[in-house]
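Visitor: The chain contents come next:
Number of protein chains: 2
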Amino acid sequence: MRENSGLLTDLYELTMAAGYFETGLQARATFELFVRHLPPRRNYLVAAGLEQALEYLESVDFSPDEIAYLRQHRHFRRIHEDFFTYLAKFRFTGDVWAMPEGTLMFPGEPIMRLTAPIIEAQILETYLLATLGYQTMVASKAARIFTAARGRQVVDFSARRAHGASASLLSARASVIGGCEGTSNTLAGHRFGIGTHGTQAHSWVMAHEDESEAFAHFLDTFPAGAVLLVDTYDVRSAVKKIIAMGRKPAGIRLDSGNLIADSRWARRELDRAGWQDVKIFASGDLDEYRIAALLREGAAIDAFGVGSALGTPADASHLSLIYKLVEIERGGKVREAAKFSRAKVTYPGRKQVFRHSRPSGEFESDKIALDDEPANGAGPLLIQVVRDGRRIAPPESVVALRERCIAGLACLPKRLRRIDRAATFPVRYSKRLQAMLENVRQRVRRSSVK
Amino acid sequence: MRENSGLLTDLYELTMAAGYFETGLQARATFELFVRHLPPRRNYLVAAGLEQALEYLESVDFSPDEIAYLRQHRHFRRIHEDFFTYLAKFRFTGDVWAMPEGTLMFPGEPIMRLTAPIIEAQILETYLLATLGYQTMVASKAARIFTAARGRQVVDFSARRAHGASASLLSARASVIGGCEGTSNTLAGHRFGIGTHGTQAHSWVMAHEDESEAFAHFLDTFPAGAVLLVDTYDVRSAVKKIIAMGRKPAGIRLDSGNLIADSRWARRELDRAGWQDVKIFASGDLDEYRIAALLREGAAIDAFGVGSALGTPADASHLSLIYKLVEIERGGKVREAAKFSRAKVTYPGRKQVFRHSRPSGEFESDKIALDDEPANGAGPLLIQVVRDGRRIAPPESVVALRERCIAGLACLPKRLRRIDRAATFPVRYSKRLQAMLENVRQRVRRSSVK
Chain A
161 MRENSGLLTD LYELTMAAGY FETGLQARAT FELFVRHLPP RRNYLVAAGL EQALEYLESV
221 DFSPDEIAYL RQHRHFRRIH EDFFTYLAKF RFTGDVWAMP EGTLMFPGEP IMRLTAPIIE
281 AQILETYLLA TLGYQTMVAS KAARIFTAAR GRQVVDFSAR RAHGASASLL SARASVIGGC
341 EGTSNTLAGH RFGIGTHGTQ AHSWVMAHED ESEAFAHFLD TFPAGAVLLV DTYDVRSAVK
401 KIIAMGRKPA GIRLDSGNLI ADSRWARREL DRAGWQDVKI FASGDLDEYR IAALLREGAA
461 IDAFGVGSAL GTPADASHLS LIYKLVEIER GGKVREAAKF SRAKVTYPGR KQVFRHSRPS
521 GEFESDKIAL DDEPANGAGP LLIQVVRDGR RIAPPESVVA LRERCIAGLA CLPKRLRRID
581 RAATFPVRYS KRLQAMLENV RQRVRRSSVK
Chain B
161 MRENSGLLTD LYELTMAAGY FETGLQARAT FELFVRHLPP RRNYLVAAGL EQALEYLESV
221 DFSPDEIAYL RQHRHFRRIH EDFFTYLAKF RFTGDVWAMP EGTLMFPGEP IMRLTAPIIE
281 AQILETYLLA TLGYQTMVAS KAARIFTAAR GRQVVDFSAR RAHGASASLL SARASVIGGC
341 EGTSNTLAGH RFGIGTHGTQ AHSWVMAHED ESEAFAHFLD TFPAGAVLLV DTYDVRSAVK
401 KIIAMGRKPA GIRLDSGNLI ADSRWARREL DRAGWQDVKI FASGDLDEYR IAALLREGAA
461 IDAFGVGSAL GTPADASHLS LIYKLVEIER GGKVREAAKF SRAKVTYPGR KQVFRHSRPS
521 GEFESDKIAL DDEPANGAGP LLIQVVRDGR RIAPPESVVA LRERCIAGLA CLPKRLRRID
581 RAATFPVRYS KRLQAMLENV RQRVRRSSVK
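Taken in order, these protein sequences are the chains called A and B. Take any residue in the first sequence, note its place counting from 1, add 160, and you have its number in the numbering used here. Take any residue in the second sequence, note its place counting from 1, add 160, and you have its number in the numbering used here.
Quick caveat, the hints were computed from the structure, so don't treat them as lab data. There may be inaccurate statements among the hints.
Chain copies aren't distinguished; within one or between two, either way the pair holds.
[Said to hold, decoys possible] In silico DSSO-like cross-links for lysine-lysine, where the CA-CA straight-line distance does not exceed 30 Å:
| hint | residue 1 | residue 2 |
| --- | --- | --- |
| 1 | Lys400 | Lys484 |
| 2 | Lys439 | Lys249 |
| 3 | Lys591 | Lys400 |
| 4 | Lys484 | Lys408 |
| 5 | Lys493 | Lys504 |
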C-alpha cells in the first residue's frame with residue numbers, strides 16, 4: 161500500500177472535490193474532529209494518533225496511476241483536465257491545531273481542528289477519522305486497563321487479533337500511550353522505540369517430548385530472561401517440575417485455568433523454593449474488569465498480558481469520531497457553520513479548550529470557547545502543529561506520550577479514574593460560543609425554509 | 161511499514177526460533193488455523209484473507225536493520241551469530257493448504273494448514289491469525305448484511321471507522337467477498353478492482369449558501385450520477401426543492417431520521433414527479449438487524465451504505481482464530497500433537513474437510529478427516545496453495561470470490577441463512593481422527609505425570 165496515497169479516502173470526498181473545482185467554489189474551511197458521547201462505561205478519552213496523522217498530512221499526494229484510475233471512473237468521465245492537473249500537484253497547505261497525544265479529553269472537545277482550502281480538508285477527512293479514532297480508542301482502553309492493574313505491568317498482546325498487521329502496529333503504539341509498559345509486537349518495538357516482551361508459547365512445550373525437556377532447552381537458551389508457560393498440560397505439575405529442576409526462571413506464565421487459585425498456589429511454592437523474585441505473569445482474555453476482579457480477590461499476579469481487549473475492545477469496537485464543518489470563508493466572507501438535527505447539535509466556530517485545575521493540580525473543569533477568547537489563567541489544550549502545510553511540532557517519543565497520559569490520569573478527579581461509568585467531568589461552552597450557536601440556528605432556520 | 165517484515169510477529173515467535181536454533185531442535189511442524197466457536201448469533205463463517213496471507217508467505221524476510229534491532233534486544237544478547245545469519249537468509253519454504261476465499265466454513269474446520277520447519281511456521285503465526293481472522297470476520301458479517309438486504313445493493317462505508325487506513329482496505333475487500341456490491345474506499349477500488357460509490361456529504365450542502373445552490377452545483381458537475389443527500393436540514397423540504405428544480409438526480413440519500421416514514425414519503429413524491437427510476441439510498445448506523453427491520457416494515461429503500469457494522473462489528477469485535485500444532489516430525493519420527501484442557505480439545509493430525517451435498521446442491525454435512533482419508537464422493541475444501549514456499553494457486557479476482565460466497569449461501573440450508581442463531585450445521589470428525597485423538601490423549605496423560 162502507498163501509505164500517503166490521496167485515494168485513501170471515501171470516494172465522495174473526491175467527487176465533492178471535483179464539484180468544488182468544476183463550479184469554481186473557492187472556500188477556506190475549518191473542520192473539527194470530536195466525539196459527541198463517550199463509549200459505554202468510559203469517563204474520559206486519551207488523545208492518540210496525531211503522529212501518524214501528521215505524517216500523512218505532510219506527504220499525501222496522488223500518483224500518476226491513481227489519477228489515471230480516477231480519470232476512467234464513471235463519475236469522473238466528464239470532469240475537465242484542470243482537475244486532474246490539480247490532483248497531480250496536490251499537497252496539503254493548511255493549518256492544524258491538535259491536542260498533544262496522551263492528553264485526556266472529553267466529548268465535544270476537538271482532538272484536532274484544521275483550516276484549509278475546502279478540497280484539501282475534505283480529502284483528508286477519512287484518513288484522519290480512521291487514524292485518530294482508532295488510536296484514541298485503544299489508548300483510552302489501555303488507560304483503563306493500566307488503572308485496573310494498580311501499578312503492575314501491562315503488556316499489549318493484541319497483534320494476532322488486530323485488523324491486519326498494520327493495525328497491530330497502531331494498536332501497540334496506542335496501548336503504550338495509554339499506560340502499557342510494552343508490547344509483544346516486535347515491529348512496533350523496533351519502529352516506535354517501545355519495550356517488547358514474550359518468551360514462549362504452548363507450541364514450544366508441545367514440540368518437545370515432555371515439559372521438562374522443553375523448559376530445560378529454553379533455560380539453556382535464555383538463562384536470564386526465560387518466562388516459562390506452565391498451563392500446557394497441568395499448571396501444578398509444571399511448576400513442580402521447574403522447581404525440581406532447580407533452575408530458576410525469570411518468571412512463569414498462566415494463560416488459562418483458575419488464575420486466582422493457581423497464582424496463589426504457585427506463589428507459595430515458588431516462595432518456599434526461595435524464589436521470591438520469580439514473577440508470575442497472567443494472560444488469556446483479560447480486560448480491565450477481569451484484572452480488577454483478580455486483584456480484588458487476591459490473585460498473586462505481577463504482570464498482565466492483554467490482547468483483544470486492547471486492540472479490538474468488545475465494549476467499544478470503534479470510536480464515533482466525527483468531522484464537522486464549523487466555519488467557511490468564501491469570497492472574503494466568513495460564515496460559521498453548524499448542524500442541527502433531532503438531538504444532535506454541532507457548535508459553530510473555531511474552538512479552543514481551556515482546562516482549569518485546582519491548586520493541587522487536580523482537573524476542575526474544561527471550557528470550550530472560541531480560539532480568540534482569553535484563557536483567564538487556564539491552559540489551552542489545542543496547540544498549532546502544522547502551518548501552511550508544514551509541520552511545526554516535532555515528533556514526540558511514545559515514552560513521553562505515555563508519561564503525559566499517566567500524569568493526566570493522576571490529575572483526574574478520583575471518581576473519574578474508576579473503570580465503571582462514574583461521573584461526568586464538567587465541560588461547558590463559553591457564552592460567546594452559545595450566542596454564536598443561536599445566531600447560526602436562526603440563520604439556518606431562515607435559509608432552510610427558503 | 162515494510163509489509164513483508166519478519167518482525168510483524170509476537171516476540172515469543174522469535175525467542176522460540178532462537179531457542180530451536182540454539183538447542184539444535186530440527187523439526188517439521190504442521191499447524192492448523194480454525195475457530196472453536198462461532199461468534200454470537202452466527203451460523204457460518206466466510207473464509208477470507210488468503211490472498212494477503214500468500215503475499216506475505218512468499219515475500220517475508222528480515223532486513224539488516226531488523227536483524228540489528230534483534231541483536232541488541234535484551235533477550236538476544238547471548239544468541240550465537242548463526243541464528244542472525246539464518247534470519248538474514250530467511251524465507252518461507254513450506255507447504256500450505258487452504259480454503260479458497262469465499263468458502264463457507266464452520267467451527268473446527270481449518271481455514272489453513274501449513275507444514276514447514278517449525279521456526280518458519282512459528283514466525284508466521286501472528287501475521288496469519290491477524291490477516292485471515294480479520295477478513296474472515298468482516299466477510300462473515302457482510303454475508304449476513306447481504307442476506308438481510310434481500311437483493312438490494314449494500315455498499316461498504318467502513319473506511320472512516322477502520323483501525324487505520326490499511327485495515328480499511330482489508331475491510332472493503334472482505335466486505336465485497338461477503339456480498340457487498342462495492343465500497344466507498346477509493347484506494348480499495350483501485351487496488352482490488354471493486355466498484356466504488358459515493359457522491360456527497362453534509363459538508364457539501366453546508367458549504368453552500370443554501371441547499372438549492374448545493375444541489376444545482378452538484379447536478380451541474382455530475383449530471384448522470386448524482387446522489388443528493390437530503391437530510392442536512394430537513395428531508396422533506398430538501399426533496400421538494402429537488403423536485404421543484406426539475407432536474408432529476410440518480411438518487412437521494414437519507415442518513416438520519418425516520419428511514420421508514422421518510423423513504424416511503426420520498427418514494428411517493430418522486431413517483432408523483434414521474435421519477436420512478438430515482439433510487440433511494442439509506443445509511444447511518446445500519447447493520448443486518450436494522451436492515452431486516454426496515455424492509456420488514458416497508459421502507460422504500462433501494463440500496464444501503466453500511467459502515468462500522470462491517471469494519472468493526474459491535475457484536476463480534478474480533479474472530480478468535482487459533483493456530484494449533486497438530487503434528488511434529490523430529491528425527492524422522494512423526495508425532496501427532498493435541499492440547500487438552502478444561503472444555504478445550506484440539507484434534508491432532510493433518511486434516512481435510514469433506515463437504516457432502518444433497519442432489520439439489522444443498523449442503524448436507526461436513527466431515528473433518530485426516531487428509532489421506534478417502535473423499536467418498538464429497539468435495540475436499542482445502543486445496544494446496546503453496547509448495548516448497550512457492551505459490552501454486554493463482555490470485556483470484558475479488559469479484560470471483562464474491563460469486564463463490566453468494567453461490568455458497570444459496571446452497572446453505574435455509575434455516576442457517578437466517579441472521580439469528582438458528583441451528584448448527586452438522587460437522588463430524590472421522591473415526592480415524594477420533595481414534596487418533598484418544599491415542600494422543602493417553603500418551604499426553606502418561607507424559608504429563610512423568
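Visitor: If a hint holds in the structure, say so; if it does not, say that too.
Guide: We went through each hint and held it up to the structure:
For the homomeric pair Lys400 and Lys484, the shortest alpha-carbon distance between copies (26 Å) is at most 30 Å, but the shortest distance inside one copy (61 Å) is not. For the identical chains of this complex, Lys439 and Lys249 are neighbours neither inside a copy (57 Å) nor across copies (36 Å), given an alpha-carbon limit of 30 Å. With identical chains, the CA atoms of Lys591 and Lys400 are never at most 30 Å apart, being 69 Å at best within one copy and 37 Å at best between copies. Only between protomers do Lys484 and Lys408 lie at most 30 Å apart by alpha-carbon distance; the minimum there is 28 Å, versus 58 Å within a single protomer.
Taking the closest pair of Cα atoms, Lys493 and Lys504 come within 30 Å of each other only inside a single copy of the chain (27 Å); across copies the shortest separation is 68 Å, beyond that limit.
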